[in-house]
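Q: Based on the hints, put chain B in the right spot on chain A.
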Amino acid sequence: MSESIRKIRVLVAKPGLDGHDRGAKVIAAAFRDAGFEVIYTGLHQTPEMIVSAAVQEDVDVVAMSVLSGAHLTLFPRVKALLDDAGADHVLLTGGGIISEDDMAALDEQGVGKLFGPGTPTTAAIDYIREWFSTHEAV
Amino acid sequence: MSTIEKNVPGTRELADLVREQEEELAHLRARLAEWERTYDATPQRDALFSTSSGAEVRPLYTELDREGSDPENDLSLPGEFPFTRGPYPTMYRTRLWTMRQFAGFATAEETNERYKYLLAHGQTGLSVAFDFPTLMGYDADHARSLGEVGVCGVAISSLDDMERLFVGIPLDQVSVSMTINGPAIILFCFYVAAAERQGISAEVLRGTVQNDILKEYQAQHAWVFPPEPALRCIIDMFEWCSENTPNYNPISISGYHIREAGSTAVQELAFTLRNGFEYVERGIARGLDVDSFAPRLSFFFDIHNDFFEEIAKLRAARRIWARRMRDVYGAKKPESWRLRTHAQTAGVSLTAQQAENNIVRVAYQAMAAALGGTQSLHTNSMDETLALPTEKAVRIALRTQQVLAFESGVTNTIDPLAGSYYVESLTDLLEREALDMFDEIDALGGVVPAIEQGWFQGEIAASAMRQQREIESGGRVVVGVNHFMEGSEKIEIDRLKIDESVERLQVARMAELRASRDSARVDQTLAALRHASSGAQNLVPAILDCARASCTLYEIRHAMEEVFGSYKEPVFF
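If you're matching them up, the sequences are chains A and B in order. No gaps in the numbering here: position 138 of the first sequence is 137 in numbering that gives the first Met the number 0, and each next residue is one more. No gaps in the numbering here: position 191 of the second sequence is 190 in numbering that gives the first Met the number 0, and each next residue is one more.
Same shape as in the complex, but just chain A (with noise of 0.2 Å):
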């Protein structure tokens, strides 16, 4: 099995206006101690200048904090949008004040799995390992 050398890509990215970036802030640091090359957008980004990044960094996984409640507008946006972009490979992930139904709404739009609060670090960092194993690999 290949056994990734690269470092994982990750944008994380703070779409609309939405201000709220404790939880953005923690979870880039945390991803970048655990090894992966982190890109911070910083505030109030539209889709479009997030899929534009994403595609001009090149990253595998865009990770997406949302607390404004616009989640069932700002997820399938960038989705769409990254698809538009041929950028369909690039994992949408993320986290929020996100109920358990608008998961599974996401989820069936193609968006990857989404974290609430009080979820420990670790776990969004094992799911991004996971993933980029197993869709990595050639």
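Misleading hints may appear alongside valid ones.
Listed next, with one range per pair, are the computed distances between beta-carbon atoms [to be verified]:
id, chain 1, residue 1, chain 2, residue 2, range
1, A, Val54, B, Val409, 56 to 66 Å
2, A, Val54, B, His530, 40 to 50 Å
3, A, Gly109, B, Leu434, 46 to 56 Å
4, B, Gln401, A, Thr133, 46 to 56 Å
5, B, Glu280, A, Ser51, 34 to 44 Å
6, A, Gly34, B, Arg196, 57 to 67 Å
7, B, Ala519, A, Asp82, 38 to 48 Å
8, B, Gly457, A, Val54, 22 to 32 Å
9, B, Arg57, A, Asp106, 46 to 56 Å
10, A, Val54, B, Glu280, 41 to 51 Å
11, B, Tyr60, A, Gly109, 57 to 67 Å
12, B, Arg57, A, Asp82, 52 to 62 Å
13, A, Ala86, B, Val359, 45 to 55 Å
Source of the hints: derived by calculation from the structure; they are not laboratory data. The C-beta atom is built at its ideal place from N, Cα and C for all residues, glycine as well.
A: Structure of chain B alone, referenced to chain A:
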């Protein structure tokens, strides 16, 4: 021993008294040493014995920890300098704190109904939560607002919306707090104009607009303009309000968001007060008499889990503020020295796991707020880590305050923890540490340079990361999250969902407004605002004219932005 002696002791008697006291202390020291031997010989629990800010908490505090203290100067009496024991002489014996639940969602009409519900249940003040587009100065029909209209608060894009928000609520009879910062001056003008439409003049308005831009750059991030023009708008409001709305607080200097973003209690205290002094310095630099605006400066603190530390924080805040206002800024009116504050229980302490436990967390935090002497209080609802609160959850949160105020007995006497060896030691410690942080900020060139260097942001993020590590290592216990997790799996709580139709309705309303108003008047008032923005005159009258002419929030923001530019965040993590 009574503090009021009828007979003044002579020199000889004094010497006897001093010797007697020294003997007592020596005796206490000896007994304490003995107690310490017992303590050291006994196993202790494996736990973090520290404040949430990381200061060591000793197992026991005694009179010895108060040696060299100066109760006369440090504590005094309630309502007297330095106000450690409370901003008012009679505190809750005269008037309880204002029970003020922050609320806002969907349309102005739906929020208006919630306000009437809260008032009917005994709430005594209103507090407006705006949606993200409004907080950032975008109209409901702006492209950037897509998906966010009415979701996290109420959508207010014009004077018409503001008017609808308060239908049937006479603005001369209820005090209204508005949480808005970047475009605060605009929403404030909508509010004044909405009162006008009710036939109420500005001078009788009571309430508060948050209007604290410094903590937005540091923590909360709902900014519009760069620091200098943003600070100008705030000082314009100080000036205008001191002349036109004598009962209205033109700012609520807020530690809440700094704390929620991850700071410690000490950082919250220091950053908030230093921000407050920055506003004072800016007002003085404008040429305002400090006593003309300082009495209307108000504060807003977070009340987190560490019960005694939070109480000490409020007491230390009052003391630091009073001393510096008098001694550094030369304020002469006691009202300028007196720190009045709103408090809110810590949203960030709530857990999605076993959400009902949040009722208990909120109750302890609320008690700390009362023992700390707050002037108003919002208690969070148990379901807020999952969604906006339901009516039932909000009612429980309000009832929590009522149980505290009317059943617990903590309101019977003023500042009941004064003289507690531990609470007084903590109060002193917090004061010292905050003063040290002021020096650090000054060494960076002051508040605005420290923001531009990302210093506050970095300090807050580092504290957040430290707390996360403590939780993940299990060292810091969070019930239901990293310990006592049985029953955490299933979340059974009703949730308030905002329908997408809200956005469609608001967008349609904007189209209607744009079609029906006098567009020549819109252009003319916006041009006048641009002109005023490039000059030095007070901006409130020009923005009020725009509001009355039905200019929208974004139109007004944009006119100012053309002159002021917009803020670009330095990105750090």
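Q: Next step is simple, just say for each hint if it's right about the structure.
A: Consistency of the hints with the structure:
1. Look at A/Val54 against B/Val409: about 58 Å separates their beta carbons, and that is inside 56 to 66 Å.
2. Between A/Val54 and B/His530, the C-beta spacing of about 43 Å keeps the proposed range 40 to 50 Å intact.
3. Evaluation of the 46 to 56 Å hint for A/Gly109 and B/Leu434 yields a pass: the beta carbon distance comes to about 54 Å.
4. Checked against the given bound of 46 to 56 Å, the beta carbons of B/Gln401 and A/Thr133, roughly 55 Å apart, stay inside it.
5. At about 42 Å, the beta-carbon gap between B/Glu280 and A/Ser51 stays in the expected band of 34 to 44 Å.
6. The beta-carbon spacing between A/Gly34 and B/Arg196, approximately 60 Å, falls within the hinted interval of 57 to 67 Å.
7. Range check, B/Ala519 to A/Asp82: Cβ separation about 47 Å, and the 38 to 48 Å hint holds.
8. Judged by the Cβ atoms, the range 22 to 32 Å given for B/Gly457 and A/Val54 holds: they are separated by roughly 29 Å.
9. For B/Arg57 and A/Asp106, the hinted distance range of 46 to 56 Å is satisfied, since their beta carbons lie about 51 Å from each other.
10. At about 46 Å, the beta-carbon gap between A/Val54 and B/Glu280 stays in the expected band of 41 to 51 Å.
11. Checked against the given bound of 57 to 67 Å, the beta carbons of B/Tyr60 and A/Gly109, roughly 58 Å apart, stay inside it.
12. For B/Arg57 and A/Asp82, the Cβ-Cβ distance of about 60 Å falls inside the hinted range of 52 to 62 Å, so the restraint holds.
13. Between A/Ala86 and B/Val359, the C-beta spacing of about 46 Å keeps the proposed range 45 to 55 Å intact.
Checked against the numbered hints given earlier, this structure breaks none of them.
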